[in-house]
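Visitor: Chain by chain, the residues:
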Amino acid sequence: MPHRTFIWFILPTALAMILFIGLPIVSSFFQSLHIENEQVLMEVENCDPFGCTTNVRVDVEATEKIEAENPLGRFNGFGTYIDRNHLAFDEIREAWDNKSSIGEFKDIVLNLPFYKALLFTLTFCFAVTPPVIVLGFIVALSVNTLAKSLKGLIVFGTILPMIVTPLIGSLVLFWMIDSQGIIGASIQILFDDPNLSLKASSNLTWITLIIYGIWHNTPFAFVVFYAALQTVPQDPLEAAYIDGATRFERVRFIVIPHLYPVATFIMLICLMDNFRVFEPIIGFSAEGVAQSLSWMIYQDLRNENKMLFGSAGATSMLTILGIAFLLTPVLIRTWKEFKTER
Amino acid sequence: MKKLILALLISFASTSVFAGSHSPCGVTSGSINILANEFTTYRIFMDEVKSCAGPDADFNVTHSVDHNKLQVAALSANPAEFSAKLVTNGSITPLMNDGLIRPLDDLVAKYGSNLNDNQKITIDGKIYAVAFMANAQHLWYRESILNDLGIAVPSTYEEVIAAAEKIKAAGVMENPYAGAFKSGWNLGQEFVNMYLGHGGEFFKSGSAQPNVNNEKGVAALNVIKKLTELSNPDFLTQDTNAVKEEWESGNVALMHVWNSGAASLLDDEGDQNIKADTRLAPSPTVGGGNKPATTLWWDGIAIATNTSDENAEASFRALVGAASSTDLANNNPNATVWLIKGYTPGDTAGPVVDAASRGTTPYPSFPHMSLMHGALSTELVEFLQGNESAEKALADVEAAYIAKATEQGFL
Numbered sequence: 002m003p004h005r006t007f008i009w010f011i012l013p014t015a016l017a018m019i020l021f022i023g024l025p026i027v028s029s030f031f032q033s034l035h036i037e038n039e040q041v042l043m044e045v046e047n048c049d050p051f052g053c054t055t056n057v058r059v060d061v062e063a064t065e066k067i068e069a070e071n072p073l074g075r076f077n078g079f080g081t082y083i084d085r086n087h088l089a090f091d092e093i094r095e096a097w098d099n100k101s102s103i104g105e106f107k108d109i110v111l112n113l114p115f116y117k118a119l120l121f122t123l124t125f126c127f128a129v130t131p132p133v134i135v136l137g138f139i140v141a142l143s144v145n146t147l148a149k150s151l152k153g154l155i156v157f158g159t160i161l162p163m164i165v166t167p168l169i170g171s172l173v174l175f176w177m178i179d180s181q182g183i184i185g186a187s188i189q190i191l192f193d194d195p196n197l198s199l200k201a202s203s204n205l206t207w208i209t210l211i212i213y214g215i216w217h218n219t220p221f222a223f224v225v226f227y228a229a230l231q232t233v234p235q236d237p238l239e240a241a242y243i244d245g246a247t248r249f250e251r252v253r254f255i256v257i258p259h260l261y262p263v264a265t266f267i268m269l270i271c272l273m274d275n276f277r278v279f280e281p282i283i284g285f286s287a288e289g290v291a292q293s294l295s296w297m298i299y300q301d302l303r304n305e306n307k308m309l310f311g312s313a314g315a316t317s318m319l320t321i322l323g324i325a326f327l328l329t330p331v332l333i334r335t336w337k338e339f340k341t342e343r
Numbered sequence: 003m004k005k006l007i008l009a010l011l012i013s014f015a016s017t018s019v020f021a022g023s024h025s026p027c028g029v030t031s032g033s034i035n036i037l038a039n040e041f042t043t044y045r046i047f048m049d050e051v052k053s054c055a056g057p058d059a060d061f062n063v064t065h066s067v068d069h070n071k072l073q074v075a076a077l078s079a080n081p082a083e084f085s086a087k088l089v090t091n092g093s094i095t096p097l098m099n100d101g102l103i104r105p106l107d108d109l110v111a112k113y114g115s116n117l118n119d120n121q122k123i124t125i126d127g128k129i130y131a132v133a134f135m136a137n138a139q140h141l142w143y144r145e146s147i148l149n150d151l152g153i154a155v156p157s158t159y160e161e162v163i164a165a166a167e168k169i170k171a172a173g174v175m176e177n178p179y180a181g182a183f184k185s186g187w188n189l190g191q192e193f194v195n196m197y198l199g200h201g202g203e204f205f206k207s208g209s210a211q212p213n214v215n216n217e218k219g220v221a222a223l224n225v226i227k228k229l230t231e232l233s234n235p236d237f238l239t240q241d242t243n244a245v246k247e248e249w250e251s252g253n254v255a256l257m258h259v260w261n262s263g264a265a266s267l268l269d270d271e272g273d274q275n276i277k278a279d280t281r282l283a284p285s286p287t288v289g290g291g292n293k294p295a296t297t298l299w300w301d302g303i304a305i306a307t308n309t310s311d312e313n314a315e316a317s318f319r320a321l322v323g324a325a326s327s328t329d330l331a332n333n334n335p336n337a338t339v340w341l342i343k344g345y346t347p348g349d350t351a352g353p354v355v356d357a358a359s360r361g362t363t364p365y366p367s368f369p370h371m372s373l374m375h376g377a378l379s380t381e382l383v384e385f386l387q388g389n390e391s392a393e394k395a396l397a398d399v400e401a402a403y404i405a406k407a408t409e410q411g412f413l
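As they're listed, the protein sequences go chains A and V. Residue 58 in the working numbering sits at position 57 of the first sequence, and the numbers go up by one each step. Residue 135 in the working numbering sits at position 133 of the second sequence, and the numbers go up by one each step.
For the record, the hints were derived by calculation from the structure and aren't laboratory data. Note that this is a predicted model, so its numbers are computed, not measured. Don't take every hint at face value.
Between beta-carbon pairs, the in silico distance windows are [as the list claims (entries may be wrong)]: (1) A:R253 x V:N243: 53 to 59 Å; (2) A:L16 x V:N243: 45 to 51 Å; (3) V:A79 x A:L20: 20 to 26 Å.
Within a straight-line C-alpha distance of at most 20 Å, the following computed SDA-like cross-link-like pairs (lysine to any residue) qualify [claimed, not checked]: (4) V:K227 x V:K206; (5) A:K107 x V:Q387; (6) V:K206 x A:V41; (7) V:K128 x A:G52; (8) V:K128 x A:D60; (9) V:K394 x A:F106; (10) V:K394 x V:E384; (11) V:K71 x A:M308; (12) V:K52 x V:T328; (13) A:K117 x V:E161; (14) A:K100 x V:N389; (15) V:K128 x A:L42; (16) V:K293 x V:K128; (17) V:K227 x V:K394; (18) V:K206 x A:V57; (19) V:K343 x A:K117; (20) A:K100 x V:K394; (21) A:K66 x V:R104; (22) A:K66 x V:L413; (23) V:K394 x A:A96; (24) V:K206 x A:G52; (25) V:K394 x A:L111; (26) V:K228 x V:K394; (27) V:K293 x A:T54; (28) A:K100 x V:K343; (29) V:K228 x A:S202; (30) V:K293 x A:G52; (31) V:K128 x A:E62; (32) V:K206 x A:N56; (33) V:K394 x A:P13.
Quick reminder that beta carbons are idealized off the backbone N, C-alpha and C, glycines included.
One chain only, chain A, in its complex shape (with noise of 0.2 Å):
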């Protein structure tokens, strides 16, 4: 394709993602460079059913005027960045002066939110991936030999995880593991333990996270094999057959290799999706013991009564560095793969 046509027919598209993805990324990372305007305090009477006190309170028309002055806050740099509730560099460095042993700068680092939150999100990323690829697979497979009658009805059971909306669907099993519920208290009969509970100790949370991340990722990963699955050549398989090869080894010869640039493809779209992992923390009630950087996001938009949208950036422009940390060696990996069948 010339360049000049190829220009043409980006174009459309281009323009959307620098309009709809591009410029708030930008406006993000502006944002974070602010915080708020010093607020002005004054101290007034208040009179309630409880009777009248001395209070401070936002002297709202002083605010309002330096706000109009300023309406974009105190420029504060990288300062948001480096804060306790983001990188914590100074806390880093203190825990680093006055440790005694590795262990305990360790516990102090993971402490801080926004390690606490990344050692989660990256956990996820990594125990939920692996397994939602080889599961995929498996299933594919099997899907794929079942007789022709059967196979619409299976292909729509085996999505239906990803159908269902990940906040719905982390809501039903987090009530069916409560101690009363179906799962929760068959696990206590099971381990004959009538005071275990997923929900209150962190690793089993974790765990259950993991599960719950497995379970709404395989159809994707399902799918995708399964459309792959049927370019597979036949005469290569026929071939091996003829020659005596057993199913496992047309498979592991045969079909894997065929479907790795489309694993591949899995894995980036999985670790992207997995990196910002938020619906099931709130589904399963599990902000106290599992935080994620979208989490964190959320939280200074949403938790507070009041949005701190320069802590709210600093995140999510960190978050868009890790993501892309990750994926660099995958997409290196796509980009070679690209130069040698060329």
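Based on the hints, put chain V in the right spot on chain A.
Guide: Positioned in the frame of chain A, the structure of chain V alone reads:
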């Protein structure tokens, strides 16, 4: 011409009827759109608001337990998403900080002739809200269980813990205590209660600097820890509504929840044996203090700044009609403690009146209190799970608060 004079006469006559006391009810122009928290008493109140607004009114109400998180964004828009908001002494502060609710003096003068003076929430000489009920968290207990084991009704948290341990040891219940410990706002609120009960102050006097990492804070956390050990192991996922369900299932013998919970706990639904056995008691003191470890709250109505005067007036009329309805209060005497004129308190008002008479602190209304509450909401969980010390948890609270308050321009 004749028709015009007739029309004028009629309109004159009708205005003269209402001259002295503009009747608030029967709204015909303007639209009413209210944001409110979700619990039974508010539903009862909203039914009255709706009937006061009348059949011709354009009336909408959104009940959400997330009202605190929605309110600033929804009322900042111009025109605001909602014309009115039910506020408390906790949730009014963020709205006041940004000037999102309007002074009500004119409307009160016009439609508020039936209000008690103490219903008018005055800030710096202007009325910004009209309160209609008072609320507080206090102790609830199962009388037969305490009687069977010969336990006196606890009046301190030390006695609550001893009583719960006794019930557990007797094998009556596995997790006899319950409180709303859900990580987030609820958990923060439990600390607020317990810290104030120990006589703590959240900020260094005259500044926005935090002041929770001290002996009183540690003592408060240790009491909360002991209570959670006697609670359902899922306590970090249980909010007030979940605790009430535990109570109605008969799994709990002692709990510390809102007085307004009576509206659903003492209604005709659910196990009537448990209902008959449910008793209310004053909120306990803690650590030798003399004030109950709880906070006083009022709930009231506020009108958005960024809404048209017509909508503001319509909303105010409907809401104030309910907030001054003696019938509403006396038909539902046990739904809460109404502040409405002519209300005769029901059987359940005792603990709130007790808390007020013993000098309980109202929930702090500093402009930066919500940031402190937010920091408490997230940073105390690890201590309760036994992963860090109380001092470390409180140091984390202060550090998280300082980072947020700096960003918001308070420090």
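Visitor: State for each hint whether it applies.
Guide: Hints, one by one, checked against the model:
no., hint, verdict
1, A:R253 x V:N243: 53 to 59 Å, "holds, 54 Å"
2, A:L16 x V:N243: 45 to 51 Å, "holds, 48 Å"
3, V:A79 x A:L20: 20 to 26 Å, "holds, 23 Å"
4, V:K227 x V:K206, "violated, 26 Å"
5, A:K107 x V:Q387, "holds, 19 Å"
6, V:K206 x A:V41, "holds, 18 Å"
7, V:K128 x A:G52, "holds, 15 Å"
8, V:K128 x A:D60, "holds, 14 Å"
9, V:K394 x A:F106, "holds, 14 Å"
10, V:K394 x V:E384, "holds, 10 Å"
11, V:K71 x A:M308, "holds, 9 Å"
12, V:K52 x V:T328, "holds, 16 Å"
13, A:K117 x V:E161, "violated, 37 Å"
14, A:K100 x V:N389, "holds, 18 Å"
15, V:K128 x A:L42, "holds, 17 Å"
16, V:K293 x V:K128, "violated, 30 Å"
17, V:K227 x V:K394, "holds, 15 Å"
18, V:K206 x A:V57, "holds, 13 Å"
19, V:K343 x A:K117, "violated, 52 Å"
20, A:K100 x V:K394, "holds, 15 Å"
21, A:K66 x V:R104, "holds, 18 Å"
22, A:K66 x V:L413, "holds, 19 Å"
23, V:K394 x A:A96, "holds, 13 Å"
24, V:K206 x A:G52, "violated, 23 Å"
25, V:K394 x A:L111, "holds, 13 Å"
26, V:K228 x V:K394, "holds, 18 Å"
27, V:K293 x A:T54, "holds, 18 Å"
28, A:K100 x V:K343, "violated, 63 Å"
29, V:K228 x A:S202, "holds, 17 Å"
30, V:K293 x A:G52, "holds, 17 Å"
31, V:K128 x A:E62, "holds, 15 Å"
32, V:K206 x A:N56, "holds, 14 Å"
33, V:K394 x A:P13, "violated, 54 Å"
Checked against the numbered hints given earlier, the structure breaks hints 4, 13, 16, 19, 24, 28 and 33 and satisfies all the rest.
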